[in-house]
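Number of protein chains: 2
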Amino acid sequence: MIRILLVDDHAVVREGYRRLLERRADLRVEAEAASADEALQRLREFTPDLIVLDLSLPGMGGIELARRILQRQPDARILAFSMHRDPLFASQAMRAGALGYVTKSSSPEVLIQAVYKVARGERILSPDIAPEMALTLLQEKANPASELSPREFEILRLLLDGRGVEEIGNLLNISPKTVQNGHYQIKAKLGVKTDIELARLAMKLKLID
Amino acid sequence: MIRILLVDDHAVVREGYRRLLERRADLRVEAEAASADEALQRLREFTPDLIVLDLSLPGMGGIELARRILQRQPDARILAFSMHRDPLFASQAMRAGALGYVTKSSSPEVLIQAVYKVARGERILSPDIAPEMALTLLQEKANPASELSPREFEILRLLLDGRGVEEIGNLLNISPKTVQNGHYQIKAKLGVKTDIELARLAMKLKLID
DNA sequence: TTCAACCCGGGCAAATTTCCCGACGGTTTT
DNA sequence: AAAACCGTCGGGAAATTTGCCCGGGTTGAA
Chain A
1 MIRILLVDDH
11 AVVREGYRRL
21 LERRADLRVE
31 AEAASADEAL
41 QRLREFTPDL
51 IVLDLSLPGM
61 GGIELARRIL
71 QRQPDARILA
81 FSMHRDPLFA
91 SQAMRAGALG
101 YVTKSSSPEV
111 LIQAVYKVAR
121 GERILSPDIA
131 PEMALTLLQE
141 KANPASELSP
151 REFEILRLLL
161 DGRGVEEIGN
171 LLNISPKTVQ
181 NGHYQIKAKL
191 GVKTDIELAR
201 LAMKLKLID
Chain B
1 MIRILLVDDH
11 AVVREGYRRL
21 LERRADLRVE
31 AEAASADEAL
41 QRLREFTPDL
51 IVLDLSLPGM
61 GGIELARRIL
71 QRQPDARILA
81 FSMHRDPLFA
91 SQAMRAGALG
101 YVTKSSSPEV
111 LIQAVYKVAR
121 GERILSPDIA
131 PEMALTLLQE
141 KANPASELSP
151 REFEILRLLL
161 DGRGVEEIGN
171 LLNISPKTVQ
181 NGHYQIKAKL
191 GVKTDIELAR
201 LAMKLKLID
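Quick note, the sequences are listed as chains A and B, same order.
Just so we're aligned: 188 in full-length UniProt numbering is position 188 of the first sequence, and the numbers increase by one with no gaps anywhere.
Just so we're aligned: 57 in full-length UniProt numbering is position 57 of the second sequence, and the numbers increase by one with no gaps anywhere.
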């Protein structure tokens, strides 16, 4: 029996996954969480065999949540999923410690298989992005955003959301100063001068809209 | 005989318009210019009956050029054209003093008619955007960017281009300080807090990409 | 173990942002 | 004609951010 914690901010999505997963007798969604904070709360109550985690959480976001979970429980097994087909999200999630990544458009079988594999401690990548991902990693510098560390990526996401530096500091529990430094680093790494260029670049990379 | 100054940075486009216009015996493209500076130069050499002006000039941009022309020759007759179907560009161009506005996708007849009308001092609007424009003006506040003065609009355009405040100051021959104030005003008028939100809003309004 | 990378944040000078202000020249209103 | 606006242009001053350098703590890999 694999006990699962399911984290997504949309109730319908949670319901859908619950149905899907529980068609297998040996899978059980032990708890759900609609936010990062709630997820951390549930984790204080019990320790699932597997955490299925939507990357696009409001607030601190899925990557930051993964970071925090792994900080407390370094052996936690996290399967990340997201609507983004862009390899960038996958690589950031994996770098942050997720064992697997699947897109929301993946077929039910793919998801089920991913769940089993991650529960066993294996790594897995959604087949629909794997080829593109491999290519991206080969070219390496193709996407300048791949130079960003997971943390920087997280800060960037919040900046793109229109948040102020102060607010981001609170959200991530770090000093505004660190956020400023991150902001600066991001612009430097992406070779961009103004925030507006940053937004446009992000748009081109499809991190936005 | 109507003597015309044609301003567009693309040689092919100029050529196309020249052909089109000179099929009429009473229209004559007396001079061409590929940039704002060049246009101002030509205007020192002669005074056309009509100026046909692409709004999307590199550098200072068409609206600013119109402003400068009208500053020297308040009775100059300017027909603006642009690829943008968005009424915003039209209204800004008219507010800056252009007598007419047509889109680049307008039919040859429309353009020819516009030329004659503007040369006569009449005002004209491209039929393909007129309805939308009227609706926009009715709703008025529909588009928050309509609150921007022509000058602010111009500054915004350059900011969205990724230019720095200093650079814009040089381009528009105003103090960087004024640009800063403009930048501040723009954000205030659009109800936006960060530059990134500004970029996203601009994107939504299709002023960008 | 050493090394590199990431995360965190202090420091500090220089630049920018934020707001408020006055001046000038047009337009419109009365 | 006077008054009331509006847009443009910019100064001033305080608050904030930027740009860049630093060092210390972790962690994972060579």
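Hints in this document: simulated from the structure, not taken from any laboratory.
Wrong hints could be hidden among the right ones.
Subject to a maximum C-alpha distance of 30 Å in a straight line, what follows is the list of computed BS3-like cross-link-like pairs (lysine-lysine) [said to hold, decoys possible]: (1) B/Lys-193 with A/Lys-117; (2) A/Lys-187 with B/Lys-177; (3) A/Lys-204 with B/Lys-117; (4) A/Lys-177 with B/Lys-187; (5) A/Lys-189 with B/Lys-104; (6) B/Lys-117 with A/Lys-193; (7) A/Lys-117 with B/Lys-206; (8) A/Lys-189 with B/Lys-117; (9) A/Lys-104 with A/Lys-206; (10) A/Lys-187 with B/Lys-117.
Here's how the hints hold up against the structure:
1. B/Lys-193 with A/Lys-117: 45 Å, violated
2. A/Lys-187 with B/Lys-177: Holds: A/Lys-187 and B/Lys-177 sit about 24 Å apart, inside 30 Å.
3. A/Lys-204 with B/Lys-117: This hinted pair is violated, its Cα atoms lying about 41 Å apart.
4. A/Lys-177 with B/Lys-187: 24 Å, holds
5. A/Lys-189 with B/Lys-104: Violated, because 39 Å separates the two Cα atoms, which is more than 30 Å.
6. B/Lys-117 with A/Lys-193: 45 Å, violated
7. A/Lys-117 with B/Lys-206: 45 Å, violated
8. A/Lys-189 with B/Lys-117: 53 Å, violated
9. A/Lys-104 with A/Lys-206: Given pair A/Lys-104, A/Lys-206 holds - Cα atoms ~17 Å apart, limit 30 Å.
10. A/Lys-187 with B/Lys-117: 50 Å, violated
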